[in-house]
Every structure is written in structure tokens, then in C-alpha cells.
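In order, the protein sequences belong to chains A, B, C and D.
Take the numbering used here: the last position of the first sequence gets the number 714, and nothing is skipped along the way.
Take the numbering used here: the last position of the second sequence gets the number 714, and nothing is skipped along the way.
Take the numbering used here: the last position of the third sequence gets the number 165, and nothing is skipped along the way.
Take the numbering used here: the last position of the fourth sequence gets the number 165, and nothing is skipped along the way.
The set of hints was computed from the structure by calculation and includes no laboratory data.
Don't take every hint at face value.
Said to hold, decoys possible - Below, simulated BS3-like cross-link-like pairs (lysine-lysine); rule was C-alpha separation at most 30 Å, straight line:
| # | chain 1 | residue 1 | chain 2 | residue 2 |
| --- | --- | --- | --- | --- |
| 1 | B | LYS344 | C | LYS66 |
| 2 | A | LYS623 | B | LYS633 |
| 3 | B | LYS623 | A | LYS621 |
| 4 | A | LYS344 | A | LYS361 |
| 5 | D | LYS150 | D | LYS66 |
| 6 | A | LYS623 | A | LYS633 |
| 7 | B | LYS621 | A | LYS621 |
| 8 | A | LYS361 | B | LYS344 |
| 9 | C | LYS66 | C | LYS150 |
| 10 | B | LYS621 | B | LYS633 |
| 11 | B | LYS623 | A | LYS623 |
| 12 | A | LYS633 | A | LYS621 |
| 13 | B | LYS344 | B | LYS361 |
| 14 | A | LYS344 | D | LYS66 |
| 15 | B | LYS623 | B | LYS633 |
Claimed, not checked - For the chain C half of the interface with chain A, some residues (derived, Cβ under 7 Å), not all of them:
| # | residue |
| --- | --- |
| 16 | ALA12 |
| 17 | GLN25 |
| 18 | GLY163 |
The beta-carbon is built from N, C-alpha and C at its ideal position, and this holds for glycine as well.
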Amino acid sequence: LRHSLGTGLALAGFEAMADAEPPPWMKTPGASFTNYGHPSPFEKDAIRWISANPGAPGNGISWTPLHKLEGIVTPNGLHFERHHNGVPRIDPDQHRLLIHGLVKNPLSFGVDDLLRYPLVSRLCFVECGGNSNAGWHAEPIQTPAGYFHGLASCSEWTGVPLATLLNETGLLPQARWLIAEGADADALNMSIPVEKALDDALVALYQNGERLRPENGYPMRIILPGWEAVLNVKWLRRLQAAQEPAMARNETAQYTEPQPSGIARQFSFIMEAKSFITHPSPGHRLRGPGLYQISGLAWSGRGKIKRVEVSADGGKSWAEAALQEPVLAQCFTRFRLPWRWNGQPLVLKSRAVDETGYVQPERSVLIDARGHNGYFHYNAIVAWAVAADGSLSHVYA
Amino acid sequence: LRHSLGTGLALAGFEAMADAEPPPWMKTPGASFTNYGHPSPFEKDAIRWISANPGAPGNGISWTPLHKLEGIVTPNGLHFERHHNGVPRIDPDQHRLLIHGLVKNPLSFGVDDLLRYPLVSRLCFVECGGNSNAGWHAEPIQTPAGYFHGLASCSEWTGVPLATLLNETGLLPQARWLIAEGADADALNMSIPVEKALDDALVALYQNGERLRPENGYPMRIILPGWEAVLNVKWLRRLQAAQEPAMARNETAQYTEPQPSGIARQFSFIMEAKSFITHPSPGHRLRGPGLYQISGLAWSGRGKIKRVEVSADGGKSWAEAALQEPVLAQCFTRFRLPWRWNGQPLVLKSRAVDETGYVQPERSVLIDARGHNGYFHYNAIVAWAVAADGSLSHVYA
Amino acid sequence: APEGPRLGRPASPQDIAAQDITIFPDGGGLPTGLGTVAEGHALYDSHCAGCHGLKGMGGSAEELAGGAPPGSPHPDRTIGAYWPYATTVFDYVRRAMPIDAPRSLNDSQVYAVTAYLLYLNGLLGAQATLDARTLAAIKMPNRDGFQRVWPGHP
Amino acid sequence: APEGPRLGRPASPQDIAAQDITIFPDGGGLPTGLGTVAEGHALYDSHCAGCHGLKGMGGSAEELAGGAPPGSPHPDRTIGAYWPYATTVFDYVRRAMPIDAPRSLNDSQVYAVTAYLLYLNGLLGAQATLDARTLAAIKMPNRDGFQRVWPGHP
Ligand code: HEC
Ligand code: HEC
Ligand SMILES: [Ca+2]
Ligand SMILES: [Ca+2]
Ligand SMILES: [Ca+2]
Ligand SMILES: [Ca+2]
Ligand SMILES: [Ca+2]
Ligand SMILES: [Ca+2]
Ligand SMILES: [Co+2]
Ligand SMILES: [Co+2]
Chain A
318 LRHSLGTGLA
328 LAGFEAMADA
338 EPPPWMKTPG
348 ASFTNYGHPS
358 PFEKDAIRWI
368 SANPGAPGNG
378 ISWTPLHKLE
388 GIVTPNGLHF
398 ERHHNGVPRI
408 DPDQHRLLIH
418 GLVKNPLSFG
428 VDDLLRYPLV
438 SRLCFVECGG
448 NSNAGWHAEP
458 IQTPAGYFHG
468 LASCSEWTGV
478 PLATLLNETG
488 LLPQARWLIA
498 EGADADALNM
508 SIPVEKALDD
518 ALVALYQNGE
528 RLRPENGYPM
538 RIILPGWEAV
548 LNVKWLRRLQ
558 AAQEPAMARN
568 ETAQYTEPQP
578 SGIARQFSFI
588 MEAKSFITHP
598 SPGHRLRGPG
608 LYQISGLAWS
618 GRGKIKRVEV
628 SADGGKSWAE
638 AALQEPVLAQ
648 CFTRFRLPWR
658 WNGQPLVLKS
668 RAVDETGYVQ
678 PERSVLIDAR
688 GHNGYFHYNA
698 IVAWAVAADG
708 SLSHVYA
Chain B
318 LRHSLGTGLA
328 LAGFEAMADA
338 EPPPWMKTPG
348 ASFTNYGHPS
358 PFEKDAIRWI
368 SANPGAPGNG
378 ISWTPLHKLE
388 GIVTPNGLHF
398 ERHHNGVPRI
408 DPDQHRLLIH
418 GLVKNPLSFG
428 VDDLLRYPLV
438 SRLCFVECGG
448 NSNAGWHAEP
458 IQTPAGYFHG
468 LASCSEWTGV
478 PLATLLNETG
488 LLPQARWLIA
498 EGADADALNM
508 SIPVEKALDD
518 ALVALYQNGE
528 RLRPENGYPM
538 RIILPGWEAV
548 LNVKWLRRLQ
558 AAQEPAMARN
568 ETAQYTEPQP
578 SGIARQFSFI
588 MEAKSFITHP
598 SPGHRLRGPG
608 LYQISGLAWS
618 GRGKIKRVEV
628 SADGGKSWAE
638 AALQEPVLAQ
648 CFTRFRLPWR
658 WNGQPLVLKS
668 RAVDETGYVQ
678 PERSVLIDAR
688 GHNGYFHYNA
698 IVAWAVAADG
708 SLSHVYA
Chain C
12 APEGPRLGRP
22 ASPQDIAAQD
32 ITIFPDGGGL
42 PTGLGTVAEG
52 HALYDSHCAG
62 CHGLKGMGGS
72 AEELAGGAPP
82 GSPHPDRTIG
92 AYWPYATTVF
102 DYVRRAMPID
112 APRSLNDSQV
122 YAVTAYLLYL
132 NGLLGAQATL
142 DARTLAAIKM
152 PNRDGFQRVW
162 PGHP
Chain D
12 APEGPRLGRP
22 ASPQDIAAQD
32 ITIFPDGGGL
42 PTGLGTVAEG
52 HALYDSHCAG
62 CHGLKGMGGS
72 AEELAGGAPP
82 GSPHPDRTIG
92 AYWPYATTVF
102 DYVRRAMPID
112 APRSLNDSQV
122 YAVTAYLLYL
132 NGLLGAQATL
142 DARTLAAIKM
152 PNRDGFQRVW
162 PGHP
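With these hints in hand, go ahead and build the complete structure from the sequences.
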């Protein structure tokens with residue numbers, strides 16, 4: 318028996334078994350089933366980091382901990398938040414979407430109506446125009462990567478093509494913009510070009526399979542793949558077709574980028590290609606020389622990521638990373654590259670190229686073009702310095 | 318002012334505004350930010366349905382409410398559960414994976430070790446071998462579609478290729494099986510052919526971006542794309558290379574299919590192509606004649622879904638549904654088809670064809686081949702009868 | 012686009028007017044009502060100054076007056092220095108402020124606080140009254156300070 | 012497969028033996044120790060019968076004795092009727108039962124309840140003693156009742 322076909326090896330038998338103490342969770346029945354699950358209590362660091370206004374606690378942001386995540390999907394509980402006045406508790410039976418203005422037939426739609434409409438699903442990112450804005454600072458911010466670049470998340474959104482609804486209302490020929498308004502306590506309003514509305518805009522009802530989360534627009538929101546998040550109006554209640562934009566506060570006073578010339582960029586909708594290394598990144602620590610896997614995220618508001626290159630010498634030489642399938646347009650793309658660390662200090666960078674040929678710029682190039690006061694649309698190459706002790710920090714290099 | 322460039326329409330002005338009462342959630346600040354989010358309280362019906370043994374509450378199942386979901390991703394909180402003795406609360410720092418048996422170098426790996434390994438991501442389904450087993454019953458079960466077919470869920474899994482770990486241990490030439498064992502109170506064990514282990518098996522660490530959920534195997538589990546879920550051993554603690562399978566309880570007494578001949582199918586690993594209509598389905602109700610969108614899920618353990626056809630006359634005629642991109646191997650595929658209901662009673666069906674040419678069978682064909690006592694691997698065409706009042710029921714037709 | 016089932020409910024002009032709160036830069040959408048700088052000063056001090064500071068400066072929330080102009084080394088986004096349209100102040104305050112009680116001011120009160128904010132920014136005199144006509148007529152200093160990136164997005 | 016960083020810690024025979032609880036159908040892995048049907052009967056009645064019923068029948072949990080054979084109109088998956096290997100009983104009971112206190116029986120106790128279950132299924136006499144050798148020698152009635160679908164999966 319001691320040399321069995323199955324094991325082919327001598328077995329220590331009873332004596333060894335008697336010594337073995339299984340872990341406690343193998344000796345007691347585990348927890349029961351749950352109607353809706355939660356993360357492990359041992360993963361309590363994988364949280365959204367909140368930065369809100371103490372005088373107006375619903376006004377602020379919370380970042381997705383991208384330095385804790387892998388793959389491309391953001392779990393719904395960790396999708397970044399940007400609220401102007403908190404998360405409304407909307408009763409879907411009391412909520413309607415009104416489409417009016419320069420339309421032939423103004424119409425309003427109940428949530429249950431829209432649930433019966435043709436639906437389309439889209440894996441795509443949503444990124445705040447203000448994501449990564451610490452990059453404009455004169456000194457490199459020292460914070461985990463997700464709390465620097467994590468005003469971006471990626472989900473499978475399912476919704477009604479906005480074009481389907483606009484077919485029903487009709488658009489008058491003068492209609493060039495659609496002013497979208499949320500049903501939150503900020504009644505946030507933004508003007509969307511009709512071209513985008515008719516192209517790939519969704520009135521999203523589902524996020525990663527389930528109905529939208531309250532903080533992501535329940536019961537319905539706009540999704541404009543690749544465009545800055547503030548236009549993806551949450552808690553959507555009204556779409557008003559108009560000839561000109563509303564010049565709302567968030568498309569004039571905010572989400573515009575002052576330049577050194579004194580002229581500010583406005584209606585800068587597309588989120589340009591960006592990438593950064595999530596593993597390793599500040600807060601992680603390399604355990605001595607040896608083989609590591611560099612892993613990171615890249616995306617572009619213009620389409621698919623074509624290539625991501627990684628440098629381990631501060632940008633002097635670059636190696637092409639592998640892109641994890643599926644590589645989808647306007648979607649997070651995971652890149653990975655094996656890397657052998659020799660224990661010396663060095664600087665890691667990644668650089669994304671999208672299918673239009675656009676190349677993620679070095680920081681100096683972006684700053685030269687935009688100055689230091691743009692605040693929005695920071696997408697420069699990110700550099701992590703690795704110290705001899707294996708710790709990482711954010712550097713401008 | 319009353320005919321402005323912006324609106325182009327007369328505006329009712331102050332008087333109408335004074336009448337308008339915005340909903341309460343536009344007049345009071347909303348809820349604050351949260352470190353980890355939850356579904357809307359208005360979606361409390363979108364839950365896993367639990368069926369557990371009262372005498373052993375950790376023994377049972379809970380179904381994903383697929384009739385409530387859209388798209389292809391299953392949110393982590395709703396991934397189906399099958400536990401034999403509850404969900405262990407595993408401290409990842411106390412947990413290791415031991416690989417031994419017919420290997421050259423028996424090795425054990427800590428969780429933090431594996432997190433440094435090369436990772437691969439895979440959007441794929443996990444389906445219990447016992448999913449849809451009510452289909453074997455003589456009478457059609459009347460329950461929401463997810464509580465019939467929802468022992469299947471689809472996630473982006475990220476993990477270490479098992480082949481990478483087996484490269485490090487080496488395998489002796491006689492090794493044909495790997496016996497996987499969980500660290501739960503059932504110490505569930507299953508034998509996996511070495512071919513699959515070296516092909517596309519993962520030791521998964523992440524699920525939809527975040528670390529595995531406790532009920533889905535935290536801190537690590539096996540993922541065998543396309544193979545029945547019981548082999549995707551959760552809470553993985555041990556892999557033992559052997560020449561023969563262990564003939565464990567769950568690969569002999571369970572997860573085998575008795576046939577009319579008296580001979581049971583064993584090691585029936587691959588989950589064959591399946592599809593069913595999620596919308597509309599029993600529990601939903603059509604609101605009178607008109608245009609609807611049929612939407613459903615298809616998948617195959619053998620690869621990609623090539624085609625899904627839908628019938629609205631009980632299988633006499635079929636129309637090809639649109640497949641939502643991305644269409645990935647061993648992954649949920651969402652199909653959709655516009656459909657105009659004339660208000661008459663009829664029977665809806667869907668039929669999946671995979672890239673190998675395998676066609677999902679009619680129920681009568683499956684029953685003829687397997688009899689009524691197989692219990693596992695039920696994948697026949699599903700029929701929903703629509704009554705004149707718009708209600709739906711499950712029928713054998 | 013795929014065809015929909017046409018479940019939209021026709022919206023009457025009354026329905027629309029009851030919900031439509033958009034103010035356009037040409038003044039489209041501005042309601043009747045009016046308010047003075049002095050009324051606005053009183054309202055501001057009681058409902059706004061707690062967050063935005065007396066005279067729109069030095070509070071915990073955004074500064075609403077003063078600020079360096081575009082092109083200076085540290086330009087500000089304050090109303091007088093940056094905002095291209097005065098109508099935006101009315102639109103935004105009516106829909107969103109005070110942040111602890113949005114939609115609590117009536118339209119005349121919104122005209123009044125808007126007047127006071129414009130006064131603080133040197134754009135209205137201390138005795139001024141604001142209504143739809145006078146608000147739409149205001150030309151902001153930074154009116155031409157923006158370049159539309161869309162649709163010519165480089 | 013991609014190359015790994017080789018962080019595995021070598022496992023000694025002692026480490027392995029302490030964790031390895033697999034029992035193979037040829038008896039590989041069976042520990043020393045032994046138990047009788049009579050001892051098993053007493054253990055079963057106090058630790059198992061509450062769920063599985065006296066004599067392995069009529070409880071809330073799976074029936075462990077009796078049952079219709081394969082090929083009959085309503086075949087059962089009970090031990091005597093269906094299970095191909097007796098070693099599986101030892102392996103499973105030791106790792107998983109009693110479900111409210113897994114790993115609470117020592118190896119001799121597991122031999123004893125296994126013996127009693129085999130006795131209830133007519134596969135051991137009332138006076139029998141079970142140990143590694145006698146357990147591995149048992150041929151189950153449905154030993155040849157299985158067809159391997161893998162790798163020839165149709
Ligand atoms: C409890 C705090 C609070 C009170 C009271 C308050 N505000 Fe605000 N206000 C804020 C915050 C916070 C913001 C920034 C909101 C955002 O960015 O979404 C803001 C933004 C503004 C802005 C836009 C500033 C910019 O530069 O974009 C204006 C204008 C404004 N408030 C006017 C008012 C007026 C007028 C009142 C009173 C009627 C008022 N606020 C009362 C907190 C407050
Ligand atoms: C508190 C309830 C409970 C107790 C006590 C209990 N069992 Fe079980 N037993 C179960 C349940 C429930 C299952 C089914 C487990 C599963 O399917 O994952 C089971 C399964 C089994 C099986 C497999 C049956 C099959 O057909 O696959 C055996 C053998 C078994 N038990 C033996 C025992 C023995 C021996 C004891 C006592 C030493 C015992 N059980 C005590 C509840 C119990
Ligand atoms: Ca042993
Ligand atoms: Ca409803
Ligand atoms: Ca109005
Ligand atoms: Ca740890
Ligand atoms: Ca300044
Ligand atoms: Ca029976
Ligand atoms: Co912008
Ligand atoms: Co099977």
C-alpha cells in the first residue's frame with residue numbers, strides 16, 4: 318500500500334497525520350450563503366479613497382484603488398465617484414427622462430419603458446477630466462497609483478442607444494447640442510454635441526450586469542465612450558436639444574483648461590491616450606533582485622490601444638509589453654511585461670500608443686504645451702523610481 | 318428673450334417654474350461617498366436565491382439572478398455559490414498552496430508569492446455541472462430563469478497560469494492527474510487531467526478586478542475555462558500530481574451521470590453549449606402587443622459561440638440573433654433580437670451553435686440519449702410559453 | 012440605430028416648463044422676477060457667506076470674487092476673472108446653491124444674489140437691479156477667453 | 012507558459028505528510044489504525060444518525076445505505092448501489108464528516124464508521140474489522156458501472 322499507483326511515493330501515514338493540525342477553517346463549518354456578497358475582511362485596504370469637502374460632504378471625489386486591482390474590469394463597489402452634492406436616493410418609479418427642446422415630439426420615458434428598449438452593451442472606461450491632475454503640480458505627489466490616476470474605472474455598460482430615443486422624438490435641423498441634466502441636488506447640466514449623441518451614446522441602465530449603482534447614476538445615466546466623465550451625466554432626467562451649448566458652470570468655470578496664452582481650452586471632450594504601471598507602484602515594495610511582472614493599464618478615448626512600451630531606464634530604451642486580450646476601443650487595456658530587477662535604482666515608465674498613432678507625451682512636452690494651470694486632461698508619461706531597498710516613488714524624470 | 322437662439326422655443330417662464338416641485342432628491346444633499354458601494358435599495362429583488370440544507374446551512378447553492386441582469390459580466394456580489402460546508406474565513410497570511418506528489422520538486426507558495434507571478438486575465442464563465450438540472454424533471458419548473466439556469470456566472474478572472482507553477486515543480490512522466498483540494502471544511506477534492514492543467518488552467522487571485530470574494534475561493538482558486546465548476550476548486554491549498562484520479566466522492570458519487578444503460582458517465586468535464594432567453598422570461602410580463610427586444614445568454618465550454626437562433630413558434634422557424642461583441646471563447650455571449658408580439662400565445666426558444674459546430678439539442682433528444690436520471694449536464698433548448706395576457710411560463714415544447 | 016417600441020409619453024408645454032431650468036447664454040430661459048444688489052447682499056450674508064466667505068472671499072468653498080486674470084502666472088477661475096457668461100451664475104445658483112438647500116431660493120432671490128456676486132466682481136453698481144433683460148445684457152471680461160476644442164479636436 | 016520568479020519553498024516529506032489526506036482507490040494514502048463495525052455502529056449513532064438516519068436511511072441528509080441499483084427506473088447514488096470504490100468512503104468521511112465537526116474523528120474512528128457503513132450496505136459482516144489492507148481489498152458492486160467521458164469526450 319505504501320507505494321500506490323496513485324501516489325507513486327512513500328507516504329508518511331498515520332503518525333504524520335496525527336501531528337498535522339488543519340487550519341481552523343477546515344475544522345468548523347464556514348459562513349452561510351448570502352443574497353449579495355462582499356469582499357474578504359482581509360482586503361479592507363482595497364477601498365475607494367474619499368476626498369470630500371467637510372462643509373459639503375457630498376461634494377468631492379473618491380478614487381478607484383487601481384494599484385490593488387488586476388485585469389480590466391472595475392468591480393462596481395470600487396467605481397470612482399465624483400459627486401457635486403451627494404448621491405440621490407432615486408425611486409425609479411418616480412423618475413422619468415424628458416427629451417424636449419428642438420425636437421419634433423417632446424417625449425418622456427419611464428424607467429420601465431426604457432428597460433423594454435433595444436439594449437447595447439459596451440465595455441468601456443469612464444474617466445474624469447480631472448483625473449491625474451496632481452501631475453500638474455511642481456512636485457511629484459507621493460500617493461498610491463490609484464489615488465493619483467484612479468478617477469477612471471472600466472465597466473460593462475448596457476443601455477439604450479440615445480439615437481434610438483432621438484429617432485422617436487425627432488430632432489429639428491437646428492439642433493446641434495443636447496443639454497443633459499441630472500436629478501441630483503446639483504442638477505448637474507452639460508452640453509453634448511448631437512454628433513456624439515447619435516454616434517455611440519447610451520442611456521445606460523446596467524453596469525457590470527446589474528442595474529446601475531446609486532453613485533454611478535441609478536436609475537439611468539449617459540455613457541459617452543471615451544469622453545470626459547462629467548458629460549456622462551448621472552441620474553439623467555432631462556435632455557434638451559438646442560442650437561448652442563448652455564454654457565453651464567461645468568463647461569465654462571470648470572472642465573476647461575487655462576493655457577499660458579490666457580485662452581482656455583473648452584469642450585475638450587476626448588480623453589487622450591494614457592498609461593501607467595499599476596504593479597509595481599508606490600506603496601508596493603520589491604522583495605530583492607529577481608524576476609517581476611510589470612503590469613499596468615492603458616486606454617484611449619480615440620479607440621483601441623495599439624501598443625504599450627515600458628522603459629526601465631527612465632525612457633532611454635523601451636520594450637514592447639504584451640497586451641491582454643480583449644483589446645477593445647475606449648476600454649482599459651491591461652499590459653504586462655516580465656522584468657528582471659538587478660537591485661539597482663532605476664526609473665520605470667510606460668508609454669501608450671493608440672490606433673490613431675497618438676503617442677502618450679512625456680511630461681515636459683505636455684507642460685510646454687499647456688503650462689501648469691490646465692488642471693484637466695493630464696495624460697503624460699508616469700515615472701516610478703525604484704530605490705535600492707525596493708521601495709517605489711513618483712518622480713518627474 | 319422668449320425666443321432664444323439656444324432653445325428656439327417659447328418658454329413658460331417664472332409662473333410655470335413656481336408650480337414645479339422638484340423631486341425631494343433634488344432639494345436635499347444626497348448621501349456621502351462610500352469606500353465600497355452597494356446596489357440601490359430599490360433593487361432588492363436582484364439577489365442570489367439560496368437553497369441550503371437546514372441541518373447544514375453551509376451546504377447548498379445560491380443562484381445568480383440572470384433574469385435580472387444584462388450584458389455578460391456577473392457582478393461579484395451575485396456570482397452563484399455552491400458550498401459543501403460553508404465559506405471559510407481564510408487569513409491569506411496563514412494560507413499556502415502545496416504542490417507535491419509525482420513532481421520533481423515539491424514546493425509550497427504563499428499568497429504574496431503568487432501575487433508576484435506572471436498573471437493572465439480571462440473573461441470566462443463558471444458553470445456548475447448541476448446547473449439547469451430541473452430540466453430533467455417530468456414537469457417544467459416554474460421559477461425565474463436565473464433560479465433555473467443561474468448556477469452559471471461570468472467574470473474576468475486573473476491568475477497565475479498553473480503551467481508556470483508546474484514548470485517550477487516539474488512533473489514526473491507518470492503524472493497524469495492533479496488532485497486539487499480546498500481549504501474549506503469539506504476539504505473538497507477533485508482530480509484534474511494534466512493536459513488541462515498545462516493548457517489553460519489558472520490559479521486565480523482576482524475576480525472582476527478585485528481579489529477573489531470569500532465565497533468564490535479567496536485567497537485562490539482553480540479556474541478551468543469551460544469545465545464544470547466543481548473542478549474549479551475554491552480555497553485551493555493542495556495540488557497532488559498522480560498517475561490516477563483520486564476517485565473522490567464528487568467525481569464518483571456526484572457529478573457523474575447515470576444513463577438508462579446503467580453505465581454512468583464519469584469525468585464529463587466540458588460544459589456543452591447552452592442558451593436561454595433572459596428577457597422576457599417567467600416572472601416578466603409583456604405589456605401588450607408591440608415591439609420587444611429578446612435578449613439572452615449563450616455559452617459553450619468548447620470555445621466561442623458561433624450563432625444563436627431564436628424561434629417564436631416553438632421551433633418551427635428560427636431567426637438569427639445578433640451577438641453582442643466581444644464574443645469570447647468559454648465566455649457568456651449576449652444575444653439579442655427585436656421581436657414584435659401580436660398578442661397571441663406562442664412559444665419562444667433559443668438555440669446556440671458553437672464554433673465546433675455543436676448544436677444545442679432539443680430536450681427530447683437529450684432525454685432520449687441520457688434518460689431522466691443524469692441530474693448533471695442538462696443543456697437542452699429552453700422554451701418559454703407566452704400567454705395572451707403577456708405572462709410567461711416554462712414549458713416542454 | 013435600432014428601432015424602439017415608441018413608449019415615450021408626449022410631454023406638454025406645461026410639463027416641459029415645469030422641469031426646464033436651463034438658462035442659455037443669450038438669456039433664453041430666464042424667468043420673470045428681479046432682485047437688487049442690496050437684497051442680494053443680505054441673502055448672501057445669511058445663506059452663502061458661511062461657505063464662500065464675506066464678500067465672496069476667504070471661505071472654505073470656491074472664491075466667488077477677486078482672482079487673477081487669465082494669462083497671469085496663477086490665474087483663477089472666479090466669476091469676474093474667468094466666467095464667460097453672467098447667465099451661468101443665475102443658472103448654477105438656481106439649480107445648485109445654497110449647497111445645503113438647493114432650490115430653496117425663489118427666482119427673484121436668485122436674481123438678487125446673482126446681482127450681488129456681479130457687484131462683488133465689479134460688474135454691477137451698488138444700486139443695480141437685475142432681471143432677465145439686464146442680466147442677458149452683461150458682457151463678461153473673459154467672454155472671449157475660450158477656444159472650442161470640439162469639433163476640431165487636434 | 013510564462014516563466015515564474017521561482018518563489019516556491021521546498022516542501023519536506025514531513026510537510027507533505029502533514030497535509031496529504033488523499034486516499035487513492037488502490038489504498039494509497041490509507042493510514043494505520045483500525046476499527047470494527049461495532050465501534051462504528053456506536054460512533055455512527057452518536058455522530059451521524061442525526062442527519063443520515065438510523066441505519067443510514069430516512070434522515071435529512073443523503074441516504075448512506077439501501078437504494079436502487081444502476082439501470083433501474085429510479086436508481087440511487089448510495090454507497091452500496093453506486094459508489095465504485097470503498098476507499099472513497101474513508102477519504103470523504105475523514106475530510107468532511109461529521110459535517111458539523113469535520114476532522115474531529117481520528118483515523119481509527121474513521122475506519123470504524125466506514126466499516127459500519129459498508130456493513131449497512133451488505134459489504135462487510137457484523138464482526139468485521141477494517142484497516143488499510145482490508146479496506147483496499149473490498150470490491151464494490153458498481154465497480155464497473157462507469158464510463159470515462161474524458162478524454163474521448165464525444
Ligand atoms: C454649505 C456650503 C455652501 C453654501 C451654504 C453655499 N455654497 Fe456655493 N458652493 C459650495 C461648494 C462646495 C461649491 C463647489 C461645488 C462643486 O464644485 O460642485 C460651491 C460653488 C458655488 C459656485 C460656483 C463657484 C465656481 O467657481 O465654480 C457659486 C457661484 C456658488 N457656490 C454660489 C453660492 C451662493 C450664491 C450661495 C448662497 C445662496 C452658496 N453658494 C451657498 C458650498 C456652498
Ligand atoms: C449535521 C448534519 C450531518 C452530520 C452530523 C453528518 N453528516 Fe454526513 N452528510 C451531511 C450532508 C448535508 C451531506 C451532503 C454533503 C454534500 O453534498 O456536500 C453528507 C454527506 C455524507 C456522505 C456522502 C453521501 C453521498 O451520497 O455522497 C457520507 C458518506 C456521510 N455524509 C457520512 C457521514 C458520517 C459517517 C457521519 C458521522 C461521522 C456524518 N456523515 C455526519 C450531513 C451530515
Ligand atoms: Ca498522510
Ligand atoms: Ca418599477
Ligand atoms: Ca421654465
Ligand atoms: Ca499578506
Ligand atoms: Ca490665484
Ligand atoms: Ca430511489
Ligand atoms: Co475637457
Ligand atoms: Co460532469
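| query | Which of the listed hints are not met by the structure? | reply | 2, 8, 17, 18
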